[in-house]
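Protein chains: 2
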Amino acid sequence: MVGETSIWIDGAPASALELPDRAFAYGDGLFETLLLRGSRLLLQELHLDRLRVGLQRLRFPDCMDSVCDYLAQAAAAEPDTDLFRVLRLTVSRGGGPRGYAPPADCRPRVIITVSPPVDAPSGLPAPARLGETSVRWGRQPLLAGLKHLNRLEQVLAAADCDPHSCDEVLMLDQSGMPLSVSAGNLFLVAGKRLLTPSLDEAGIAGTRRRLILERLAADCGLQAAETRLELSQLLAANELFYCNSVIGLRPVGTFRDRCWVEHPVTRRLHTAYLECLRE
Amino acid sequence: MVGETSIWIDGAPASALELPDRAFAYGDGLFETLLLRGSRLLLQELHLDRLRVGLQRLRFPDCMDSVCDYLAQAAAAEPDTDLFRVLRLTVSRGGGPRGYAPPADCRPRVIITVSPPVDAPSGLPAPARLGETSVRWGRQPLLAGLKHLNRLEQVLAAADCDPHSCDEVLMLDQSGMPLSVSAGNLFLVAGKRLLTPSLDEAGIAGTRRRLILERLAADCGLQAAETRLELSQLLAANELFYCNSVIGLRPVGTFRDRCWVEHPVTRRLHTAYLECLRE
Chain A
0 MVGETSIWID GAPASALELP DRAFAYGDGL FETLLLRGSR LLLQELHLDR LRVGLQRLRF
60 PDCMDSVCDY LAQAAAAEPD TDLFRVLRLT VSRGGGPRGY APPADCRPRV IITVSPPVDA
120 PSGLPAPARL GETSVRWGRQ PLLAGLKHLN RLEQVLAAAD CDPHSCDEVL MLDQSGMPLS
180 VSAGNLFLVA GKRLLTPSLD EAGIAGTRRR LILERLAADC GLQAAETRLE LSQLLAANEL
240 FYCNSVIGLR PVGTFRDRCW VEHPVTRRLH TAYLECLRE
Chain B
0 MVGETSIWID GAPASALELP DRAFAYGDGL FETLLLRGSR LLLQELHLDR LRVGLQRLRF
60 PDCMDSVCDY LAQAAAAEPD TDLFRVLRLT VSRGGGPRGY APPADCRPRV IITVSPPVDA
120 PSGLPAPARL GETSVRWGRQ PLLAGLKHLN RLEQVLAAAD CDPHSCDEVL MLDQSGMPLS
180 VSAGNLFLVA GKRLLTPSLD EAGIAGTRRR LILERLAADC GLQAAETRLE LSQLLAANEL
240 FYCNSVIGLR PVGTFRDRCW VEHPVTRRLH TAYLECLRE
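First to last, the protein sequences are chains A and B.
Counting in numbering that gives the first Met the number 0, the first sequence runs from 0 upward without gaps.
Counting in numbering that gives the first Met the number 0, the second sequence runs from 0 upward without gaps.
The hints are simulated quantities; they were obtained by calculation from the structure and are not laboratory data.
Heads up, the beta-carbon is just placed ideally off N, CA and C, and yes, glycines get one too.
Don't take every hint at face value.
Listed next, with one range per pair, are the computed distances between beta-carbon atoms [to be verified]:
no., chain 1, residue 1, chain 2, residue 2, range
1, A, 140, B, 98, 23 to 29 angstroms
2, B, 232, A, 65, 33 to 39 angstroms
3, B, 106, A, 230, 33 to 39 angstroms
4, A, 199, B, 232, 47 to 53 angstroms
5, B, 260, A, 17, 51 to 57 angstroms
6, A, 133, B, 96, 50 to 56 angstroms
7, A, 237, B, 209, 52 to 58 angstroms
8, B, 52, A, 217, 33 to 39 angstroms
9, B, 3, A, 3, 34 to 40 angstroms
10, B, 97, A, 58, 24 to 30 angstroms
Some chain B residues flagged as far from chain A (calculated, every beta-carbon gap over 12 angstroms) [unchecked claim]:
no., residue
11, 143
12, 224
13, 225
Not everything, but these chain B residues come out facing chain A in the computed CB check (under 7 angstroms) [unchecked claim]:
no., residue
14, 10
15, 12
16, 16
17, 23
18, 27
19, 139
20, 153
21, 210
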């Protein structure tokens, strides 16, 4: 299918979600946003690893086998072309009676949405104008790092991003330290060092963030570390960029009164990233 | 209809939710749990007030008129008996393209679920065994007090409540101070004083909590206040109780090594509460 969004629920084509559903009622579930090239899921293992951790932390019954089956089925339904699509995989705890307590016999549901084709990742994305928001991440170590369905903070942060003046917004944590953008992880380049905020108390541990930390940084001769970052370090950085699964790595061109014209390190990392997508 | 759950979406009977939907995708919405006696909504204004505040804080377009219309319609569809039902009203930000940012032209959806009959509130509920959970409320002043759809913390807390040993669990905030139970607000009685945790940084501002603070406490000759409570104050209290819209006020019978046999103040408050329901 070209030009249409397809939706699958537990392996069957669908257009609506049976109610009650705990993802709808309480945000009781997790999701992943994957890139699909033709019928091929890119960097699938990074997504499945995070999902597996999330399912355990949220105490879902083990459902990874059916998740993988449904995912493979949805991917295989796309033609084997070079077109890129965005696939959203959502795992809900399913139906059940009223009340917060997960039912003892809960049966998770797997909802998959495949978008119409999007632009293929190619050259380095245009430098972004990074704005600011007063919406901060809540402090919640128990859920930090997970891509669960409770995303109101990012919804409100993204609502603060006026497209006339900015492309993304910086989100701080409860202590006022930079943590991420509204839809991506944040990195700064300082000499040979690549630094990104640690996510012990808030934020989403992005798949591209992990790829950069565990592989791309070393491929590009950089020392990567998770740390607590100050705003002043952002402004003093050689380069800034953010990343997510859909855009890859996007350099920051402006933030407050700072302007970055060249992005040589981000460019090298992005080239290494594109190679990963081709594997 | 007796014995069945009825579902309404934007005023039409329904059994499934059209996708995409932002309540499902991001928990982007709010809800209220109301008591219905026959076709009459009880304490409706308390729920509508909180919902109105939530819609503003989440920057929804104004949709209170249609919310009220749909609510009245769902209530009027029930027979005018003395049977009690639980009505859940959910307002989702509706459909829209992928991405956290709310669409400029978003059209909220109103989803109403009406349960089969439940027991009518009557005498004081049986004293509860209050257990504990290691799941704490996150710190998020921006969303504190609202009954929004991001409820994973309470889901995980409720999962810690083993029905063999407890009826509810105490939830602490990030600093380890008592904040609520998993599905209700917490009060303690100390002499003529009635104290409940303040909700500036986390928690849900319950409708019954508000009723107690603004009216029932004074009716019963008590001085009510919101404050920061210590665990030691709970253990030293004359009485403890929690409250929500479905159970009303339920006294705590046991917590740790403390046991409360008589609940005279909670009983008086509960009697005053039942009178409110009859108005």
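- request: May I ask you to test the hint 24 to 30 angstroms on the CB atoms belonging to residue 97 of chain B and residue 58 of chain A?
  value: holds, 28 angstroms
query: Taking the closest Cβ pair, is residue 16 of chain B under 7 angstroms from chain A?
result: Check passed: Cβ of residue 16 of chain B comes within 5 angstroms of chain A, closer than 7 angstroms.
message: Checking hints one by one. Is residue 27 of chain B an interface residue toward chain A, by the C-beta closer than 7 angstroms rule?
response: holds, 5 angstroms
- request: Identify whether the interface hint at residue 23 of chain B stands, where standing means a beta carbon of chain A within less than 7 angstroms of its own.
  value: holds, 5 angstroms
- prompt: Should the hint that residue 210 of chain B touches chain A count as held when the rule is a Cβ pair under 7 angstroms?
  reply: violated, 21 angstroms
Interface restraint verdict for residue 10 of chain B against chain A (beta-carbon cut-off 7 angstroms): Violated, about 15 angstroms.
query: Non-interface claim for residue 143 of chain B: all C-beta distances to chain A beyond 12 angstroms?
result: violated, 9 angstroms
query: Honestly, do residue 232 of chain B and residue 65 of chain A meet the 33 to 39 angstroms range at C-beta?
result: At 48 angstroms between Cβs, range violated.
task: Could you check if residue 12 of chain B really has its C-beta closer than 7 angstroms to a C-beta on chain A?
output: At about 12 angstroms, which exceeds the 7 angstroms cut-off, the nearest Cβ of chain A leaves the hint on residue 12 of chain B violated.
- prompt: Taking the closest Cβ pair, is residue 153 of chain B under 7 angstroms from chain A?
  reply: holds, 4 angstroms
Range hint compliance [Cβ, residue 3 of chain B to residue 3 of chain A, 34 to 40 angstroms]: For residue 3 of chain A against residue 3 of chain B, whose Cβ atoms are near 35 angstroms apart, the range 34 to 40 angstroms holds.
message: Against the range 47 to 53 angstroms, how does the distance between the Cβ atoms of residue 199 of chain A and residue 232 of chain B compare: consistent or not?
response: violated, 30 angstroms
Hints 2, 4, 5, 6, 8, 11, 14, 15 and 21, counting from the list given before, are not met by this structure.
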